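Let the hints inform the model, and build the full structure from the sequences given.
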Amino acid sequence: MARRALLRFLGLGYLAVILVAPVSLVFWRAFEDGVGPAWDAVTTPAAKHAFMITIAITLIAVPANTIFGVTMAMAIVRRRFPGKGIVNALVDLPLALSPVVVGLAFLLLYGTGGWLADLPFDVVFAFPGMVLATIFISLPFVVREVVPVLREIGIEQEQAASTLGASSFQTFRRVTFPAIRWAVGYGVVLTTARALGEFGAVSVVSGRIAGKTETMTLHVQERFDGFDYVGAYAASVVLAVLAIATLLAMNFFRPKEGTR
Amino acid sequence: MGLATAYLSLIVLLPLAALVWYSAQDGRTGFWDAVTEPQSVAALKLTLVASAVVVLINAVMGTIVAWILVRDRFPGQGFVNTLIDLPFALPTIVAGLTLLALYGPQGPMGVDVAYTRTAIVLALLFVTLPFVIRTVQPVLLELDREMEEAAASLGAGPISIFRRIVFPNLLPAILSGIALAFARAVGEFGAVVLISGNLPFETEVAAVNIFGRIEGGDPVGAAAVSVVLLVISFGILLTIGAFRRWATRHDGA
Numbered sequence: 001m002a003r004r005a006l007l008r009f010l011g012l013g014y015l016a017v018i019l020v021a022p023v024s025l026v027f028w029r030a031f032e033d034g035v036g037p038a039w040d041a042v043t044t045p046a047a048k049h050a051f052m053i054t055i056a057i058t059l060i061a062v063p064a065n066t067i068f069g070v071t072m073a074m075a076i077v078r079r080r081f082p083g084k085g086i087v088n089a090l091v092d093l094p095l096a097l098s099p100v101v102v103g104l105a106f107l108l109l110y111g112t113g114g115w116l117a118d119l120p121f122d123v124v125f126a127f128p129g130m131v132l133a134t135i136f137i138s139l140p141f142v143v144r145e146v147v148p149v150l151r152e153i154g155i156e157q158e159q160a161a162s163t164l165g166a167s168s169f170q171t172f173r174r175v176t177f178p179a180i181r182w183a184v185g186y187g188v189v190l191t192t193a194r195a196l197g198e199f200g201a202v203s204v205v206s207g208r209i210a211g212k213t214e215t216m217t218l219h220v221q222e223r224f225d226g227f228d229y230v231g232a233y234a235a236s237v238v239l240a241v242l243a244i245a246t247l248l249a250m251n252f253f254r255p256k257e258g259t260r
Numbered sequence: 001m002g003l004a005t006a007y008l009s010l011i012v013l014l015p016l017a018a019l020v021w022y023s024a025q026d027g028r029t030g031f032w033d034a035v036t037e038p039q040s041v042a043a044l045k046l047t048l049v050a051s052a053v054v055v056l057i058n059a060v061m062g063t064i065v066a067w068i069l070v071r072d073r074f075p076g077q078g079f080v081n082t083l084i085d086l087p088f089a090l091p092t093i094v095a096g097l098t099l100l101a102l103y104g105p106q107g108p109m110g111v112d113v114a115y116t117r118t119a120i121v122l123a124l125l126f127v128t129l130p131f132v133i134r135t136v137q138p139v140l141l142e143l144d145r146e147m148e149e150a151a152a153s154l155g156a157g158p159i160s161i162f163r164r165i166v167f168p169n170l171l172p173a174i175l176s177g178i179a180l181a182f183a184r185a186v187g188e189f190g191a192v193v194l195i196s197g198n199l200p201f202e203t204e205v206a207a208v209n210i211f212g213r214i215e216g217g218d219p220v221g222a223a224a225v226s227v228v229l230l231v232i233s234f235g236i237l238l239t240i241g242a243f244r245r246w247a248t249r250h251d252g253a
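Those protein sequences? They're chains A and B, same order as listed.
For the first sequence, position 177 matches number 177 in our numbering, and the numbering has no gaps at all.
For the second sequence, position 118 matches number 118 in our numbering, and the numbering has no gaps at all.
Careful, some of the hints might be misleading.
Some chain A residues judged to face chain B by a derived CB distance under 7 Å, without partners named [said to hold, decoys possible]:
1. Phe-9
2. Leu-90
3. Glu-156
4. Lys-212
5. Thr-246
DEER-style ranges, computed between Cβ atoms [what the hints assert, rightly or not]:
6. A/Pro-120 / B/Glu-202: 56 to 66 Å
7. A/Gly-165 / B/Val-231: 21 to 31 Å
8. B/Ala-42 / A/Phe-9: 49 to 59 Å
9. A/Gln-157 / B/Met-109: 31 to 41 Å
These stretches of chain B come out as covered by chain A in the derived footprint (C-beta under 8 Å, 3 or more residues) [to be verified]:
10. 86 to 99
11. 146 to 158
By construction, these hints were calculated from the structure, which means they are not laboratory data.
For clarity, every value in this text was computed on a predicted model and none was experimentally measured.
We treat Cβ as the ideally placed atom computed from N, Cα and C, and that holds for glycine.
Right, here's the structure in full:
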């Protein structure tokens, strides 16, 4: 019994020191001078603009990666094709790669002297580059959630549907999609969390032009570097609230043992 | 299918190809000079050592936390379980700021580790918290307790039960979790950049070193150090693949 109490104390104490204490303190710091200054800090034109940019990027990256993710998962599970191992590795790579490296890769590809530098619109230091970098960073999640579920459900039901005359689109809509929708939901939540919080890659490709290419996370750093701590903490609280909402959604969609 | 592959190539493969190609622009010596330049070597070394320390702590603490979440019963357990994913959902820059608020110069407890290597380890511990817990937890849930009961009835004590029965079963999961955490720690930027102070040779990690080179107008050097990180990432992914095959070696097919 003493051993159990010790383990509990160790585990929970560790979580308190590493996780709970720092996060609660940010809320405290943001509202130290009352709600007024914090509210003013997150309703400045720059903060509002940064918020809109973050939302806009997320609204493009998440649907793109969802459609790609489901398609890619179907291909990985249901088809044999040459280079499947490489495709698998490429899908996982964003999980293991530093965001700064990702940002640099886009900078070199689309920036001055890059292979795709002469596009008719700006990519680097502009909105398209930020979207591309965010898509890269948040790419694996839907694929990785959907693949194991597709493996599990097998192909008998789909074969039965098509023997009974269903088109491939009907089969997907009536048979496959209902089976994978929870996994897609969970993948979408993870993708959203990653896209909202992206910092390193966007920091490199955006050029961090305040009021123009600044996302919410970049805004936090910009405020902090400018010694506007209430501004930085208040913007952090907005992001933390979004993170907590994501957490609740994750809890809702998380695959539960034996209930699916 | 064709579209998905095209998307993958355009988003992932092409930028990385450009990165590798660019890193070799000054020839092999140019690449080698950038990578073996003392400041990059110091940054890479610090990154690898700090990440190694962090994953070792994670291996122990992550297993303990997974254990109390699965085998223990206490009030608020569901809440704690939800909380584990917070570092994943919270933007890294916010994580860095939160740690600086608590463990920085204005911290309420009088602990000030800002701009030291301890701060880097703390930041990396925060962002890598979920990995070992979330890989060990499902394995622990599935683990058949009859084995442990049999061992206990044969007179094994709790420590030898853990060492001889539970631990070997958890090991593949712990190793996968460690590998994921290591990959994350090696590349971490947002959580570290505010709290580490980024002093060259002292507290500058690899990702910050790359960022500094980009800002300082040395994209070729930045690309060279990036390629080193890229190779490390690929190596870790291959290792995780090997762990997975090892973990499922008895499952057949």
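Against the structure, the hints come out as follows:
1. Contact between A/Phe-9 and chain B, as hinted, is not supported at the beta carbon level, the nearest pair being about 9 Å apart and thus beyond 7 Å.
2. With 7 Å as the threshold, the beta carbon of A/Leu-90 comes within range of chain B, its nearest partner Cβ sitting at about 5 Å, so the hint holds.
3. With a least beta-carbon distance of about 17 Å to chain B, the hint placing A/Glu-156 at the interface is violated under the 7 Å criterion.
4. Annotation: A/Lys-212 was flagged as interfacial toward chain B, and the flag is violated, the nearest CB pair being 18 Å apart, outside 7 Å.
5. Hint status for A/Thr-246: holds, given a least beta-carbon distance of 4 Å to chain B, under 7 Å.
6. Against the hinted window of 56 to 66 Å, the Cβ-Cβ separation of A/Pro-120 and B/Glu-202 comes to about 46 Å, which falls outside the hint.
7. Roughly 51 Å separates the CB atoms of A/Gly-165 and B/Val-231, a value that falls outside the hinted 21 to 31 Å.
8. For B/Ala-42 and A/Phe-9, the Cβ-Cβ distance of about 38 Å falls outside the hinted range of 49 to 59 Å, so the restraint is violated.
9. A beta carbon spacing of about 58 Å between A/Gln-157 and B/Met-109 contradicts the range 31 to 41 Å that was offered as a hint.
10. With a cut-off of 8 Å between beta carbons, the segment 86 to 99 of chain B has 13 residues touching chain A; three or more are needed, and the interface restraint holds.
11. Counting residues of the segment 146 to 158 of chain B whose C-beta lies closer than 8 Å to any C-beta of chain A gives 1; at least three are required, and the coverage claim is violated.
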